[in-house]
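S.K.: Okay, here's what each chain looks like letter by letter:
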Amino acid sequence: MLRGTLHQGDTDAPAATENVLAALAGSAFFWLDLDDVEPDDMVKELLQTHFGFHPLAVRTAEQFSQRPRLDEYDSFAYLVARGADPDNSGTAEVHCFWTDRYVVTVHKGDCEALAQVRERLRRHPARQVAPPQIVVVYLVMGALVDSFFPYLSDFDDRIDALEDDILKRPTDAQLGEIFDMKRTLIDVRKLVAPQRDVMATINAGVADVPGMTTEASHYFRDLYDHLIRLSDLVDSYRDLLTNVMDTHLSTVSNRLNVVMKQLTIIATIFLPLSFLTGFFGQNFAYMVRVWLSPTWSFFVLGIGLELVTVVALVILFHKRGWLGGPTV
Amino acid sequence: MLRGTLHQGDTDAPAATENVLAALAGSAFFWLDLDDVEPDDMVKELLQTHFGFHPLAVRTAEQFSQRPRLDEYDSFAYLVARGADPDNSGTAEVHCFWTDRYVVTVHKGDCEALAQVRERLRRHPARQVAPPQIVVVYLVMGALVDSFFPYLSDFDDRIDALEDDILKRPTDAQLGEIFDMKRTLIDVRKLVAPQRDVMATINAGVADVPGMTTEASHYFRDLYDHLIRLSDLVDSYRDLLTNVMDTHLSTVSNRLNVVMKQLTIIATIFLPLSFLTGFFGQNFAYMVRVWLSPTWSFFVLGIGLELVTVVALVILFHKRGWLGGPTV
Amino acid sequence: MLRGTLHQGDTDAPAATENVLAALAGSAFFWLDLDDVEPDDMVKELLQTHFGFHPLAVRTAEQFSQRPRLDEYDSFAYLVARGADPDNSGTAEVHCFWTDRYVVTVHKGDCEALAQVRERLRRHPARQVAPPQIVVVYLVMGALVDSFFPYLSDFDDRIDALEDDILKRPTDAQLGEIFDMKRTLIDVRKLVAPQRDVMATINAGVADVPGMTTEASHYFRDLYDHLIRLSDLVDSYRDLLTNVMDTHLSTVSNRLNVVMKQLTIIATIFLPLSFLTGFFGQNFAYMVRVWLSPTWSFFVLGIGLELVTVVALVILFHKRGWLGGPTV
Amino acid sequence: MLRGTLHQGDTDAPAATENVLAALAGSAFFWLDLDDVEPDDMVKELLQTHFGFHPLAVRTAEQFSQRPRLDEYDSFAYLVARGADPDNSGTAEVHCFWTDRYVVTVHKGDCEALAQVRERLRRHPARQVAPPQIVVVYLVMGALVDSFFPYLSDFDDRIDALEDDILKRPTDAQLGEIFDMKRTLIDVRKLVAPQRDVMATINAGVADVPGMTTEASHYFRDLYDHLIRLSDLVDSYRDLLTNVMDTHLSTVSNRLNVVMKQLTIIATIFLPLSFLTGFFGQNFAYMVRVWLSPTWSFFVLGIGLELVTVVALVILFHKRGWLGGPTV
Amino acid sequence: MLRGTLHQGDTDAPAATENVLAALAGSAFFWLDLDDVEPDDMVKELLQTHFGFHPLAVRTAEQFSQRPRLDEYDSFAYLVARGADPDNSGTAEVHCFWTDRYVVTVHKGDCEALAQVRERLRRHPARQVAPPQIVVVYLVMGALVDSFFPYLSDFDDRIDALEDDILKRPTDAQLGEIFDMKRTLIDVRKLVAPQRDVMATINAGVADVPGMTTEASHYFRDLYDHLIRLSDLVDSYRDLLTNVMDTHLSTVSNRLNVVMKQLTIIATIFLPLSFLTGFFGQNFAYMVRVWLSPTWSFFVLGIGLELVTVVALVILFHKRGWLGGPTV
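As they're listed, the protein sequences go chains Y, V, D, P and Z. The working numbering runs 3 ahead of the 1-based position in the first sequence. The working numbering runs 3 ahead of the 1-based position in the second sequence. The working numbering runs 3 ahead of the 1-based position in the third sequence. The working numbering runs 3 ahead of the 1-based position in the fourth sequence. The working numbering runs 3 ahead of the 1-based position in the fifth sequence.
In short, the hints are calculated from the structure, not lab data. One should not assume that every hint holds.
Unchecked claim - Derived DEER-like restraints, expressed as beta-carbon distance ranges: (1) Glu21(Y) - Asp190(D): 54 to 62 Å; (2) Leu316(Z) - Val317(V): 29 to 37 Å; (3) Glu122(Z) - Glu21(P): 38 to 46 Å; (4) Arg323(D) - Asp200(Y): 56 to 64 Å; (5) Asn91(D) - Pro153(Z): 44 to 52 Å; (6) Arg172(P) - Asp183(Z): 28 to 36 Å; (7) His127(Y) - Ala176(V): 52 to 60 Å; (8) Met45(P) - His53(Z): 47 to 55 Å; (9) Gly307(Y) - Val311(Z): 35 to 43 Å.
Even for Gly, the Cβ is constructed at its ideal location relative to N, Cα and C.
Working from the sequences, and respecting the hints, build out all of it.
M.R.: Have a look at this one:
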């Protein structure tokens, strides 16, 4: 069964085959949005036989998880647009056939962005100035592109929080989080960069798309501007994350230094002291008899010598600035 | 002896010299696939004398392990295409001479991709719309290009598993695995990037290949799209591997910190305690006689002093947050 | 209420609606500077209804924090220019509509740069040679661009000071400072690079802006030169900061080495000595009776053996060059 | 005295001045190869006065260690080609003047590559199809370019061996070797990249060289293909070396971790044990009299307590997985 | 007062105002070199009023420390050229106005490069073939460009020496030196890269400069070649310095490993030995009476047990390859 929505003259109707064929037979502009969620060949049949789209394009339109791209055919343009959809499967994907007289979009399952478009389409000022297929494509693609912004919006704060956390106390968990964020940015970049290039191609007039007018080009330039801002964002976040990673390593090394200084201070104080106590714990008859038996020798050798050692070492550490530093 | 297959009018025949010459003398399209596994000059002789290909192209066609490329000659195009072939020698390589009337491919040993092509050729929809030499080249190159996808498909999971492993317990073996994966990606990149550039050249119309039509260009664009997805994949895996490498170093440093903290805690507790026991193990007559002989002194100096020291150090460590942390 | 300044014929007047409409009705050049700080629709109304600017441009002009860019429309050019404004919100932003006959700029709140422009406009030599709209745009954009220089001017010294500090004593605080400086540079780069590209587009003649003459192009080239110097500055500071970060890590590692050498020296000297004193502290009857009772044995075994050990170790350390090195 | 070889009509003669002038006066193609090893002005005189080459080109031709490049003059092209020559001075360098009627090459000292060219020139198939000056330039440049391949051929194995070595036992010597290999690659890259660009310029038809025909362009494309393979090789080796360097650092850190764990295990076992022996070595009268005199106390306190401590610590280490790991 | 030199017809005269005006009134080529060291407006007055240069160019010519660039005006070209001048202020800077009939250069203070140019101008072979203004510009810019070579010439040796030093003994001072060299390279790059781009623009014919002929282009190509060699040099030195920095870190880590191994060896040998001596130093009555009183027990327990321990540990270390390695 065909699932989807047929939008014509400001009204939405379910996309039953007979409606679609009637619209196709007429001469008014329409937008057909198909949901290709069921594994039957209805969509393929409709697109290939009745709409007469090229088999290569139709076959591609049925495969999801594609790289965004624009293919020009004789009578239509085929566009793959991607967006973020954190509530559902993570990413949204719309395949768009676009001719001089109608626009056909194919998606899979729920697609929040397309619902928004139908809402906005009725009252968007672009309707007065630009051809209707451009308005539909602009709104669909705009909704998908803008869906990345909320997705990335908390990165700024997360990176700052991560940097602060690391300077306070670096942990392995932070490394995992940096890795996850980098992976997300790489994934977003793979979706954003080709869409930006598609828009650049259209704006430069290299690709020739149906309904293109000077007026229409203002809208594609607007999309391009959003995409280039997204790609700037992704690049700067990646740059900052690399820096955060370096900060992690340097902070850990710094802390190791502090720990090792403390160990060295402890060892440098107690190893000599223990040597002294060990020395006077020996059983040499002469030492026991001559050196250790007078009362004064306990206070001079047993306590005084150790105090002198401690004081000398503390002065030495103080001179080197090892005392009073950070304590991890 | 000539080894190979002559494909003409949907039937495959062994590529005996007389068959080939008959096909060459006729006017119907044919595809000759030669297996240049034996070190005789049959292939060279055939290509140069009977087909009349340029000596430079023929000489190149006999050397394998080449960089993918497209050379245009007056009457034919010479294409080197590469794929993955993990079951056999690791990579597949097909040299393709391609004219207005026939296609000659040269490979060495078994080539899984070409067998698939012969199978698919009979029932591929492209036959209806595109010139036959384009269909053959498209299917051959498509089979080679797509052979990289299964080869790379487990990288995603391997990289995630590696990252998790490293965060659990970093080892030297992981470094070796990262190195091997990076080397594989560099090798794949060296094969994919030039094929992508060849396709870009054809699509931009810079290279002029036999049988090129608007219709045909859709097929080359499809190949280009696959290649650019491959090259995106390779780039993002390399990026992630660099991150995994950094994670390894940072995790190791982090763990070193934990180990050193433990050593420092142990040393900071036991070195002072050992000093105290050493102190009261000295043989100073005065100390033994006056300090150590009363019973209370054992409980106060011998045990109490040590308990106080331990409690004081534990409180100190607790304040610094050294206790209760991770234990490597 | 409309807030802003109407500059016409060297005099400034408050931008009351009636003044603006009068200027618009006349034929003399004017520059209208609007302050869009209040959330009413006066500015939008004025720009869209009376000036007749494209709705897309007007809608964009009301959103601040935009990426610098130049959009060409049929009858006007729309330019987003950004500058630094450390005293106020951090960055300055001016949206500029620019036609053959007038220039309209929109900003939000106080904007130091625009005040300067009004001052300089009266006596700038460019007035004699270039069209008035070019002079206004040149001065506005010039003031914004040059506002980055004082902002970056202390980076040079700060980086040098940081490097010296780190070589003296590396701390975590320096890592935080490096991160902050990198973030600032990334932010400045995001504002400077697109403005540089806008100027390059204008200079290359790709963008066609109102009032462009050969004479005018000298002024845009001047702006381009300032922007490319800024972007060179940012790049070299980023490069140096990366180096400073590496220096930090290496210095810390170096210092760790020094600390560990000292710990090793201490342990290597005192562990053997403590073993010797422990050895002669044992209660073996034979040792106490035969070895430890003669007077000479104390001086030979108790003192001599330890001195020999110390001397031997000091000689060993000296040979390895461990003594006399840096002391952190 | 003039040193060199005059090649004309398949025969080689010493390049005496009179021979050269005779060849120059005739109309047949010749190739003059000059050895500019002696510091007289014969070569300069000949090139400038008799051949009439531009003074700038002649002056340049006498300075060796140049960056590869192609300069077009009115009547000739001037090409600097570089190769590897590990047996002699390390690099080979040929300066090539190339007109419609003859080719003059200038080198210094022995040049293995040029000797090969004279050998191959007599029987190369290109002679039948391409203009003679193209054949000479192709063979000379081809011999120089291909001389890099054996030079780089052992890099692959050396890098793998280095990686294995480092994973087995990282040393400082390996760092020195990585540095030397990187330096070599940088040097090769400085020679290969400009030659590749020169070939790209010729192939794109940007540079107009004497004797250029469609046929000739096949040969330059062949050179280009070799150069781009070289530059791919250099890039991938540099990439791998960077990875080897990172592996070195990570392996060293990993090993440090292992060493430190062992130190910590040793210290964690023996510091408490030594504390216990120290405790019962104290001279408190009460302890000696009451605790240490019963026979059972030796087995319980002296031996049992220590065994319990050791067993408890071994269990602890076992739980943390510290035992049975790698041992550096 | 006007300071400078007027060069006309092979003679140099002081640049008095009347001489300059006479030359300007005549029709012969002249080169006026002005020294703008004094803060009066003589130079500005002369250039703007009498020579009639554009105010923007004149204003720029009075500001030093500029980025190299070429601005084309209607009747002249304005070029900023930079060089190294280690003996004076560090960098040399010449601003050059250049028309069809004369060249005016402006510099500040002593400029060694310009003195050389006046010397070489009289006898340079370019005079016969190229327009005089090209010869002056070529010689001025050539002298400035070539001044970078001696400046960079010792970098090669310094980098090698640094690498060797670091492998021998890494110190903090080397980090400072690496930082200084990187900063120098960044500074040189900022001067060289734009000059290289200016030359590329002229050679590609994008910039149209006075007196440009095919002949003249050979000279600009020569400058371009020098600049691209400089920029290759800077890039390869930066690359090597990055490697030296990495070597430093890895060497330090390696050494730390060696130090820690030694500490671990010392601790692993002496902690068990000290435990044994501590054990037999305890005051358990039973142990003293039964175990320690026989003579054999001293040799077996007191000495034998310790020897066995040492021998066992040495064998263990030997097996792990810890002995005989490097000693920092």
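S.K.: If a hint holds in the structure, say so; if it doesn't, say that too.
M.R.: Do the hints match the structure? See the list:
| no. | hint | verdict |
| --- | --- | --- |
| 1 | Glu21(Y) - Asp190(D): 54 to 62 Å | holds, 57 Å |
| 2 | Leu316(Z) - Val317(V): 29 to 37 Å | holds, 33 Å |
| 3 | Glu122(Z) - Glu21(P): 38 to 46 Å | holds, 40 Å |
| 4 | Arg323(D) - Asp200(Y): 56 to 64 Å | holds, 60 Å |
| 5 | Asn91(D) - Pro153(Z): 44 to 52 Å | holds, 49 Å |
| 6 | Arg172(P) - Asp183(Z): 28 to 36 Å | holds, 35 Å |
| 7 | His127(Y) - Ala176(V): 52 to 60 Å | holds, 59 Å |
| 8 | Met45(P) - His53(Z): 47 to 55 Å | holds, 52 Å |
| 9 | Gly307(Y) - Val311(Z): 35 to 43 Å | holds, 40 Å |
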